[in-house]
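Quick note, the sequences are listed as chains A and B, same order. Under the working numbering, the first sequence has 54 at position 54, and the numbering climbs by one with no breaks. Under the working numbering, the second sequence has 211 at position 85, and the numbering climbs by one with no breaks.
Since the hints were derived computationally from the structure, they do not count as laboratory data. Model, not experiment: these values are computed from the prediction. Think of the CB as a built atom: it goes at the ideal place given N, C-alpha and C, for glycine as much as any other residue. Among the hints, erroneous ones may be present.
Covered stretches of chain A, as calculated for chain B (at least 3 residues, CB under 8 Å) [unchecked claim]: (1) 10–17; (2) 38–47; (3) 78–84.
What follows is a list of derived Cβ distance ranges for each label pair [said to hold, decoys possible]: (4) B:Ala156 to A:Ser118: 45 to 55 Å; (5) B:Thr225 to A:Asp80: 19 to 29 Å; (6) A:Gly49 to B:Gln139: 16 to 26 Å; (7) B:Lys224 to A:Val38: 20 to 30 Å; (8) B:Ser188 to A:Asp104: 43 to 53 Å; (9) A:Glu98 to B:Glu144: 21 to 31 Å.
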Amino acid sequence: MSPEKQPAPKRFLLIFNSPPYGTSAARDLLDIALTCSVFEQNISLLFLGDGVLQLLSNQHSAPLRQKNLNALHSSLAMYDIESIYVDADALAYHGIEEEQLHIDVSSLDTDTVKRLISQHDVVFTL
Amino acid sequence: MIFTLVIHASPVQHQAPETALRFARALLEAGHTLHRVFFYRDGVFNGNALSSSAADEPCLPSDWRSLADEHKLDLVVCIAAAIRRGVLDSNEARRYDKTQHNLAEGFELSGLGQLVEAAIISDRVITFGGRG
Chain A
1 MSPEKQPAPK RFLLIFNSPP YGTSAARDLL DIALTCSVFE QNISLLFLGD
51 GVLQLLSNQH SAPLRQKNLN ALHSSLAMYD IESIYVDADA LAYHGIEEEQ
101 LHIDVSSLDT DTVKRLISQH DVVFTL
Chain B
127 MIFTLVIHAS PVQHQAPETA LRFARALLEA GHTLHRVFFY RDGVFNGNAL
177 SSSAADEPCL PSDWRSLADE HKLDLVVCIA AAIRRGVLDS NEARRYDKTQ
227 HNLAEGFELS GLGQLVEAAI ISDRVITFGG RG
């Protein structure tokens with residue numbers, strides 16, 4: 001079905017919960033995000049728990065023979081994916097400052113994370 | 127209510143696909159609509175026709191097919207995930223120069239667009255085997 005035949009856009013929330021390279025979770029969920037964008041849906045990304053590690057800048061994934069998540073994240077704006085949230089507690093737990101992240105994010109407290117989830121129509125987590 | 131189920135896990139290693147199957151039966155019995163079952167990641171192994179179970183153990187590819195035949199279900203296996211894992215239909219086998227194909231009957235290979243389209247149309251999208 002072509003995107004222009006779709007009903008009103010839905011609010012999709014994609015929750016990244018896994019560390020960056022140990023599994024294909026980050027890339028598999030990003031692929032869903034990019035597809036949502038092709039269908040012109042409203043998309044938000046939320047990074048929770050170890051998922052915040054996906055956002056660190058200066059990643060060197062070549063020795064792992066993996067595509068660099070920094071590069072994939074740089075392309076999100078091209079797909080009009082600009083609502084990107086992180087759990088402030090997860091950053092603190094990992095000792096990460098926002099300045100160490102590769103892309104601009106909004107940092108949320110736990111109550112706001114709960115509200116964000118409840119405000120979306122469809123939630124995918126990996 | 128219109129449902130879509132998403133399955134991320136292999137039926138041999140995880141209980142999740144069996145739970146999804148029971149959930150699918152329950153929602154259909156309750157009079158709801160199942161718009162699509164979408165198999166992603168290791169969930170693509172639910173569509174492997176070469177899966178061979180012991181006689182006293184379930185065989186999910188056959189169980190899905192029976193349910194699909196009975197209720198005219200749309201069982202879609204993510205094509206990119208399936209090709210990486212060696213679950214191919216005859217077209218893809220030809221495209222990748224493989225001599226065999228093994229996508230079970232009742233399933234079709236298609237893109238992630240089928241997941242997003244299903245999520246747009248459905249009232250509820252339920253994921254099984256998301257953390258494994």
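Against the structure, the hints come out as follows:
no.: 1; hint: 10–17; verdict: holds (count 3)
no.: 2; hint: 38–47; verdict: holds (count 3)
no.: 3; hint: 78–84; verdict: violated (count 0)
no.: 4; hint: B:Ala156 to A:Ser118: 45 to 55 Å; verdict: violated (25 Å)
no.: 5; hint: B:Thr225 to A:Asp80: 19 to 29 Å; verdict: violated (43 Å)
no.: 6; hint: A:Gly49 to B:Gln139: 16 to 26 Å; verdict: holds (23 Å)
no.: 7; hint: B:Lys224 to A:Val38: 20 to 30 Å; verdict: holds (28 Å)
no.: 8; hint: B:Ser188 to A:Asp104: 43 to 53 Å; verdict: holds (49 Å)
no.: 9; hint: A:Glu98 to B:Glu144: 21 to 31 Å; verdict: violated (43 Å)
Going through the hint list in order, the structure does not satisfy hints 3, 4, 5, 9.
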